[in-house]
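Protein chains: 2
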Amino acid sequence: MHRFFLVGLSLLFVVEHGAAQHAGIFITQEEAAEIRDALGKYELLDNAVALAKGTLEEAFSQPIEAPLPGEAGGYEHERHKQNYREMRYAGLLYSITGEERYAAFVRDMLEEYAVLYPTLGPHPLARNQKPGKIFHQTLNEEVWLVHTSIAYDCIYEWLSEEERARFETHIFRPMAEWFSVRNKEEFNRIHNHGTWAVAAVGMIAYVMGDRTLVEKALHGTELDGEGGFLAQLDLLFSPDGYYMEGPYYIRYALMPFFYFAEAVHRMQPEAGIYDYRDRILRKAHYSAVQTAFPNGIFPPINDASRTMDVAAPEVILANALTYGQYGADESLLGIARIQDRVILNGSGLEVARDYAALDAPPDMNWPSIEFTDGHDGEQGGLGILRMGGGQDESMLLMKYGVHGGGHGHFDKLHFIFFDQGREVINDYGFGRWINVEPKFGGRYLPENDSYAMQTIAHNTVVVDGLTQNLGDGNAAEETSGQRHFFDSEGAQVKVMSARADTHYEGVGMQRTMLLVKQDRLPYPVVIDLFRLESDEIRQYDYPFHYSGQLVTSSLDFQTHTGALQPLGEDSGYQHIWETARAATDETIRFTWLDGHRYYSIISAGMPDTEVLSGRTGANDPNFNLRAEPVLIVRQHGQDHLFASVIEPHGYFNEARERSVQARSLIEQVRVAGHDDRASVIEIEDANGLFWRVMVNNGPPSGTTEHNVSFGGKTYVWTGNFKVEFIDESAEPSDE
Amino acid sequence: MHRFFLVGLSLLFVVEHGAAQHAGIFITQEEAAEIRDALGKYELLDNAVALAKGTLEEAFSQPIEAPLPGEAGGYEHERHKQNYREMRYAGLLYSITGEERYAAFVRDMLEEYAVLYPTLGPHPLARNQKPGKIFHQTLNEEVWLVHTSIAYDCIYEWLSEEERARFETHIFRPMAEWFSVRNKEEFNRIHNHGTWAVAAVGMIAYVMGDRTLVEKALHGTELDGEGGFLAQLDLLFSPDGYYMEGPYYIRYALMPFFYFAEAVHRMQPEAGIYDYRDRILRKAHYSAVQTAFPNGIFPPINDASRTMDVAAPEVILANALTYGQYGADESLLGIARIQDRVILNGSGLEVARDYAALDAPPDMNWPSIEFTDGHDGEQGGLGILRMGGGQDESMLLMKYGVHGGGHGHFDKLHFIFFDQGREVINDYGFGRWINVEPKFGGRYLPENDSYAMQTIAHNTVVVDGLTQNLGDGNAAEETSGQRHFFDSEGAQVKVMSARADTHYEGVGMQRTMLLVKQDRLPYPVVIDLFRLESDEIRQYDYPFHYSGQLVTSSLDFQTHTGALQPLGEDSGYQHIWETARAATDETIRFTWLDGHRYYSIISAGMPDTEVLSGRTGANDPNFNLRAEPVLIVRQHGQDHLFASVIEPHGYFNEARERSVQARSLIEQVRVAGHDDRASVIEIEDANGLFWRVMVNNGPPSGTTEHNVSFGGKTYVWTGNFKVEFIDESAEPSDE
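Taken in sequence, the protein lines are chains A and B. Count the first sequence with the working numbering and you get residues 41 to 775, in order. Count the second sequence with the working numbering and you get residues 41 to 775, in order.
Think of the hints as simulated: they come from the structure by calculation, not from any bench. Don't take each hint at face value.
One copy or any two copies: either way a pair holds, since identical chains are not told apart in the list.
Quick list of in silico lysine to any residue cross-link-like pairs, SDA-like style, CA-CA up to 25 Å [to be verified]:
1) K753 to R319
2) K557 to S587
3) K173 to P107
4) K557 to Q598
5) K93 to E197
6) K81 to A400
7) K170 to R698
8) K173 to V700
9) K121 to R703
10) K753 to E573
11) K170 to H676
12) K762 to N87
13) K557 to R346
14) K121 to V700
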């Protein structure tokens with residue numbers, strides 16, 4: 041298909057434009073006129089136009105400036121970024137309003153760059169990055185060109201021939217050459233940086249009418265399809281549209297993918313770019329937004345900010361184009377509600393109009409879903425279980441796919457539990473203060489490698505105090521987790537199970553996580569069965585990263601009151617202060633307060649269990665880490681099953697001085713038995729609640745009948761799992 | 041006046057009520073009818089009725105229960121609290137709707153108590169508190185009776201004579217006797233517990249028609265005016281209405297003060313209770329709400345929650361009664377906007393109606409204000425400077441009044457800086473997880489005494505590592521801070537100055553704080569001049585309690601990467617881990633990120649300055665403390681001036697990946713000189729900003745001409761202070 045498409049495109053390429061309509065890579069004159077007529081009618085459109093006009097009013101009040109390049113995050117860097125935003129808005133506003141001051145603004149700005157750009161060499165402050173000229177890395181410069189291409193297209197016909205020639209000679213052609221010739225490797229790389237490069241070059245090529253450049257952007261500099269846009273569509277996404285680097289990076293990549301796809305679609309509609317690879321762009325957008333927490337924030341998987349959300353400009357773009365290209369879907373309007381504005385073209389208008397026609401603001405309600413990972417869909421995946429809806433939806437996410445490239449974390453079988461509008465069991469995210477120039481230039485910090493990427497920074501078992509694949513990214517890239525089963529059909533029980541057998545040599549790991557709602561408990565609870573097998577005695581550390589304040593515990597903690605030491609010397613442990621330690625043979629109960637709700641971990645007791653309490657911040661000379669608590673259950677053994685429940689309970693409102701049910705209802709979790717066929721655990725409260733959870737550890741099958749015996753007792757069920765709810769109380773608890 | 045009033049009341053006391061209208065201590069039949077007619081018209085009223093009805097629907101769905109008493113914060117405790125809430129709502133709803141099921145609910149509940157109460161002795165779980173019978177302390181039981189009195193009044197005429205006799209004999213009379221005879225000391229005490237006692241007894245006495253009991257409630261058990269409601273109105277407030285325990289406790293006390301005042305007003309209008317002591321109740325309400333941060337939260341002065349706000353039920357009550365009694369004030373409607381509902385009587389209706397008539401929702405905008413402290417107004421005070429308005433108002437508060445009784449903190453000259461909708465330089469608040477039963481029964485924790493009350497927990501200088509008045513509450517009660525001057529007239533410069541000379545033996549302290557807005561800086565900045573005088577060499581610790589993440593500093597911090605030790609052994613220092621230490625002779629610059637804004641402290645350099653970075657949490661065996669950072673500037677000397685600027689700057693939005701101006705503009709703060717006549721400092725940025733701040737340290741006077749020389753230079757100004765803005769740049773900075 042790939043090769044065929046290449047040929048097709050080459051034959052069909054024709055630049056068409058009328059008198060005053062130039063290429064129209066993002067908006068046509070007809071769309072601009074429709075938007076002009078719609079002003080004042082649709083809130084989301086009006087918000088977008090108001091933002092654009094406000095940005096330009098601010099810009100008009102200051103002198104136009106294209107300063108000499110500066111350091112990342114510094115004034116000059118930010119000025120150049122603001123310049124391309126302003127140019128894009130000005131171009132669009134010229135199309136929509138016809139006011140020449142907007143066109144003149146773009147021209148005057150480009151005149152500045154036409155003087156500046158030819159004087160520049162490679163930026164001296166690039167460190168590990170490929171240098172740009174205006175910016176310290178080519179990446180930012182490619183982004184500059186993507187936006188500026190749209191602005192240039194909008195005012196192309198308004199410019200004189202001399203002006204166009206000057207801009208193309210002094211800015212656009214040398215810039216495109218810098219990207220595609222001098223930085224050919226990056227241009228051909230299957231990576232989001234490559235996507236920005238091909239989008240930038242391809243978009244300006246359409247506007248300049250340079251057919252050769254377009255082809256390079258689509259098929260790679262050698263036109264062999266090893267690089268270029270189509271190869272990226274083939275390889276960067278799993279067949280489900282899941283992007284191996286995770287939601288934070290797909291969010292970023294959505295912009296060049298959709299900007300360039302939209303340009304291809306408009307300039308070569310016959311190429312069917314939106315249908316390419318079984319509509320992979322639709323899947324890419326859905327797979328990104330369907331991972332989002334109920335509040336719209338993306339789960340911080342791999343290197344990722346903890347606050348990036350669906351209101352990001354990239355998602356505003358992708359959401360409208362998906363809506364426009366693939367048909368109306370009310371869930372996309374639910375995203376638009378969070379975004380509160382639209383893009384300024386025909387698709388944006390369509391979203392704004394349809395949104396305004398709704399009787400009530402739509403919610404962004406997604407189903408439980410599993411995404412396969414790897415470009416072939418065979419390299420594990422990402423499972424998401426959801427219960428409830430709206431802002432108080434419970435969401436459980438487990439990661440068992442590929443490593444995720446240079447931004448990957450060593451965290452297979454890691455989970456996040458989201459409840460009450462917040463990450464209750466959380467992911468640390470990246471070690472980075474993004475764009476905060478005094479914080480290491482806003483770049484990834486050393487602590488991103490030494491802590492945030494390490495296994496102990498995640499909610500998955502650490503074997504022998506070491507990071508998965510010994511922290512070797514290449515080794516991690518060569519393997520992945522494996523899905524075992526995923527079943528979200530049940531209203532009361534949803535379950536996912538996965539394995540990671542190639543991350544610690546000689547150790548097999550299976551994690552089965554359930555989200556369970558039963559009437560006797562007010563909120564869905566998490567049940568976790570993490571099973572390890574090994575030929576030797578190992579140390580297993582089973583961590584929970586939480587937020588908030590310890591309320592009570594069954595443990596007799598020896599708190600370190602007078603001195604603190606780090607938990608270890610390497611693999612991320614050196615960054616955690618040990619705040620307390622306990623030993624127990626009994627069921628562990630640990631309750632904390634987070635926001636307006638209490639949470640308890642109830643974990644099955646085993647002889648010689650140690651429990652460690654920690655807080656990040658050790659060996660952090662520049663105060664780069666956040667100070668956050670962690671609880672670690674430590675066990676030594678060969679085959680071992682960690683079995684736990686996470687129970688949300690009660691209510692606390694300090695301002696109203698209300699506290700109810702600060703103690704968990706569930707009191708006991710017991711392991712009845714586990715082996716390579718099955719695991720069976722039992723869960724009890726003090727009032728007769730009794731649940732039995734049975735899980736298939738063998739080859740997955742929904743129909744196999746299981747009959748296993750542990751401790752002289754036989755357990756029988758059919759399929760991958762069964763949860764028996766046995767009420768042993770005569771009458772309901774009065775609590 | 042007090043004596044006269046006593047006689048007047050005694051002569052004029054008459055209980056009047058018509059056929060179906062009983063006493064009407066909170067609502068009359070006419071008001072109830074007006075509310076009935078107004079339903080569906082005014083949002084705030086509808087919200088209140090919906091809450092009342094919702095509470096009762098929930099109550100109807102469960103059996104009525106008056107359980108045997110339990111521990112504080114436990115189920116039984118919460119049940120009894122919920123019972124009085126439900127009874128009060130049911131009584132009011134019966135008045136408003138006439139539906140007998142509401143009256144029957146109150147009766148049925150009282151029947152339960154009529155059986156239970158006579159069987160009870162003093163509660164066995166009272167610890168340091170006076171025991172109640174239903175609750176562990178009389179305080180909760182008095183609250184129960186305040187609410188229940190209203191319910192009883194509302195259904196009085198609906199009850200049979202036998203029922204009334206049973207309730208009064210088995211509940212109300214013995215309860216009133218328990219409060220006023222068995223707990224006579226508490227009843228006569230000038231303290232908010234005493235207020236609850238007299239309100240409870242006085243209100244039920246009005247409903248029962250017991251004139252003698254009413255008099256005791258008004259004038260004390262001995263009728264000598266040494267105790268009772270009027271003595272409390274005389275002594276608990278400063279002449280400005282400021283309440284010595286601070287806003288959190290006045291918030292709590294507003295309820296018995298206003299409930300009882302309203303009852304007195306309705307039953308004996310000729311007594312003029314709302315005019316008493318120059319309208320002290322009006323002042324009490326205003327002084328409480330005028331301390332509030334722009335988001336409605338009360339400053340956590342003394343023992344106080346960090347989240348209590350003007351939407352508390354007590355303030356909903358006081359706000360409406362103040363509005364109804366003292367006349368319409370749009371600022372009170374601004375409070376009603378935050379409260380989102382009203383009380384159910386005529387005053388509540390008036391607020392709801394006037395609020396609905398406004399064109400736009402009003403803001404709660406308060407002026408800068410100084411409150412005198414002490415019942416005579418001569419014991420220092422509380423200064424509040426405000427600039428801007430709405431949610432992004434800047435507010436600077438300094439505390440220089442009385443100790444504040446058993447809930448007082450040793451924190452004279454302590455300040456709070458509120459900006460960007462948050463406490464930027466904050467107060468720790470109380471050491472308490474209120475009503476969280478597993479956290480020490482929800483009571484004040486040992487760490488409240490050992491940390492939260494100590495001087496080092498506040499933003500004021502600690503001398504020789506010791507707490508003010510050596511932590512002796514009695515000694516602290518005998519003295520107070522003293523106001524020096526307060527001037528909030530200037531649009532660009534607002535200033536307050538105060539002294540504390542009796543808190544460390546042999547040490548005089550004066551703090552002058554300015555809030556300054558100049559065009560070259562985007563936000564108001566704080567300027568702080570903290571001057572100390574001593575005959576001996578002392579250690580001065582000058583702390584800033586902040587929130588957020590260190591971004592950059594001029595200091596060469598030696599960070600404790602491998603082990604942490606507490607900062608000291610006592611006076612609260614034992615609870616702070618020392619995380620880093622630096623030494624400098626130069627100006628200190630320290631920048632952190634809090635929310636969407638950066639903040640810098642720029643503090644004048646002095647030879648041999650040490651700077652300590654810490655985090656709370658040491659010697660905290662039960663994880664009772666929050667882990668929060670603090671910066672401490674340490675100096676040894678006799679006479680010393682700490683001179684600093686707190687500069688808010690820039691913008692950070694992680695989700696949008698925007699960061700601007702992460703470094704402060706101000707670079708230097710220099711002390712030109714200081715002595716007992718004056719202090720002069722100079723402030724500079726790198727681009728020509730130059731401010732000179734001159735402060736009078738001698739007797740305050742707005743007209744005195746000052747002429748002082750430091751370092752061979754003479755400074756001349758008139759009045760208590762002058763800030764000279766000298767722009768040394770040729771043209772404006774381009775930043």
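Quick check: which numbered hints come out false for this structure?
1, 4, 11, 12 and 13
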